[in-house]
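Undergrad: Between the sequences and the hints, there should be enough to build the whole structure, so can you do that?
Residue numbering for the sequence shown follows the numbering used here, starting at 152 and increasing by one per position.
Rather than coming from a laboratory, the hints here were simulated on the basis of the structure. Where a beta carbon is used, it is the ideal one built from N, C-alpha and C, also for glycine. Treat each hint with caution, since some may be false.
What the hints assert, rightly or not - Taking CB as the label site, the calculated pair distances span:
(1) 156 x 281: 24 to 32 Å
(2) 277 x 326: 16 to 24 Å
(3) 327 x 280: 13 to 21 Å
(4) 186 x 285: 31 to 39 Å
(5) 228 x 253: 30 to 38 Å
(6) 285 x 239: 34 to 42 Å
(7) 185 x 332: 39 to 47 Å
(8) 267 x 167: 18 to 26 Å
(9) 281 x 237: 15 to 23 Å
(10) 171 x 216: 13 to 21 Å
(11) 281 x 241: 37 to 45 Å
(12) 271 x 343: 38 to 46 Å
What the hints assert, rightly or not - Taking lysine-lysine and the DSS-like style, the derived pairs with C-alpha atoms no more than 25 Å apart in a straight line are:
(13) 253 x 159
(14) 159 x 181
(15) 253 x 181
(16) 159 x 232
(17) 232 x 253
(18) 260 x 159
(19) 241 x 253
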Amino acid sequence: MSSPTSWKIHIDGAARGNPGPAAFAFIIHKEGAPDLEEKGTLGTMTNNLAEYTALVRALERAHELGGERLIVHSDSELLVKQMNGEYRVKNPDLRVLYDRAKELGGQFKQVVIRHVPREQNSGADRLCNEALDEPDPDKRDLFTGNYRSPSGKSASNAIREKAISHLRSAAERWARGDAGSPPPEAVWDQLWRLLEDAGLVKPSEE
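TA: Structural data, given as C-alpha cells:
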C-alpha cells in the first residue's frame, strides 16, 4: 500500500513597519483538489511573529483537514533554520509560537520545512498583501466583540488565540515540575503586552 502524497503548503507573514500592522497567509496544495487559501490580519507585531503565526495557522488547518505528510515552504530563512534546529530561538515571544508549531508538527507522520526564494512564494505573499491592503473596519467596536478583520475573524478572537497559546506553553512547562520556568510574572507581562499592542489597554506608566 503506497503512502499518502505529501501536501505542499506555502506560508507567509508580513508586518509593515516591523513592528507594525501584520498579516498571515497560507496556501495548501492537495493533489486532485483545489488549492485552499487563507489569510488574515494580526494586529501589530513583528515580521518574524507574523511568519511564525502563519506556520501555526497552516499546521492547525492541515491537521483539521486530516493531513498526514506535509512539505511547508517559507521564504523566512530564520523560521526555517530555527524549526530545523540550525538556529536557537532566543526571543520569548517567538519561542511560544515555535513550541506550538513543534507540538502541532508532532501530530503528523512527517513535516518537512523548506526555505524558498520569495519569488517562489509569490502566492502566499500576494495573499498577505491583500489582507493588509483591505480597508480596516471601525476599531471602536473592539470591546463589543463585533470588530471584524478582513479574514472574517474578530480581533478579540485573534487576541484570545495568542493569549491561549502563551498560557498553553507556560502550563506545559510548569507541568514538567518547574513552576518558575517561565516565571508567572513573565507570563503576565506577555499577556499584558498583547492587550497593549491591540490597543485594549493603555500602556502602563512606570
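Undergrad: Hint by hint, note whether the structure agrees.
TA: Quick rundown of the hints versus the structure:
1. Taken as a hint, the range 24 to 32 Å holds for the pair residue 156 and residue 281, whose Cβ atoms sit roughly 29 Å apart.
2. Distance hint for residue 277 and residue 326: a CB-CB separation of about 41 Å, inconsistent with the stated range 16 to 24 Å.
3. Taken as a hint, the range 13 to 21 Å is violated for the pair residue 327 and residue 280, whose Cβ atoms sit roughly 41 Å apart.
4. The hinted range of 31 to 39 Å is not satisfied by residue 186 and residue 285, whose Cβ atoms lie roughly 20 Å apart.
5. Against the hinted window of 30 to 38 Å, the Cβ-Cβ separation of residue 228 and residue 253 comes to about 18 Å, which falls outside the hint.
6. A beta carbon spacing of about 36 Å between residue 285 and residue 239 agrees with the range 34 to 42 Å that was offered as a hint.
7. The supplied range of 39 to 47 Å is met by residue 185 and residue 332, whose beta-carbon atoms lie about 45 Å from each other.
8. Between residue 267 and residue 167 the CB atoms are about 22 Å apart, so this pair conforms to the stated range of 18 to 26 Å.
9. Remark: the range hint 15 to 23 Å for residue 281 to residue 237 is contradicted by a beta-carbon distance near 32 Å.
10. Under the hint 13 to 21 Å, the C-beta atoms of residue 171 and residue 216, about 31 Å apart, miss the expected range.
11. For the hinted restraint 37 to 45 Å between residue 281 and residue 241, the CB-CB distance of approximately 32 Å leaves it violated.
12. For the pair residue 271 and residue 343, the beta carbons lie near 39 Å from each other, so the given range of 38 to 46 Å is met.
13. Between the alpha carbons of residue 253 and residue 159 the distance comes to roughly 18 Å, so the proposed pair stays at or under 25 Å and holds.
14. Between residue 159 and residue 181 the alpha-carbon distance is near 7 Å, which keeps this suggested pair within the 25 Å criterion.
15. Note on residue 253 and residue 181: the hinted pairing holds, with a Cα-Cα distance of about 22 Å set against a maximum of 25 Å.
16. Pair hint residue 159 plus residue 232 holds up; C-alpha atoms about 19 Å apart against a cutoff of 25 Å.
17. In summary, the hint linking residue 232 to residue 253 is supported, as the alpha carbons are separated by about 13 Å, within the 25 Å threshold.
18. About 14 Å separates the Cα atoms of residue 260 and residue 159, which keeps this hinted pair within 25 Å; it holds.
19. Proximity of residue 241 to residue 253 is assessed by CA-CA distance (about 16 Å); at most 25 Å being required, the pair is judged to hold.
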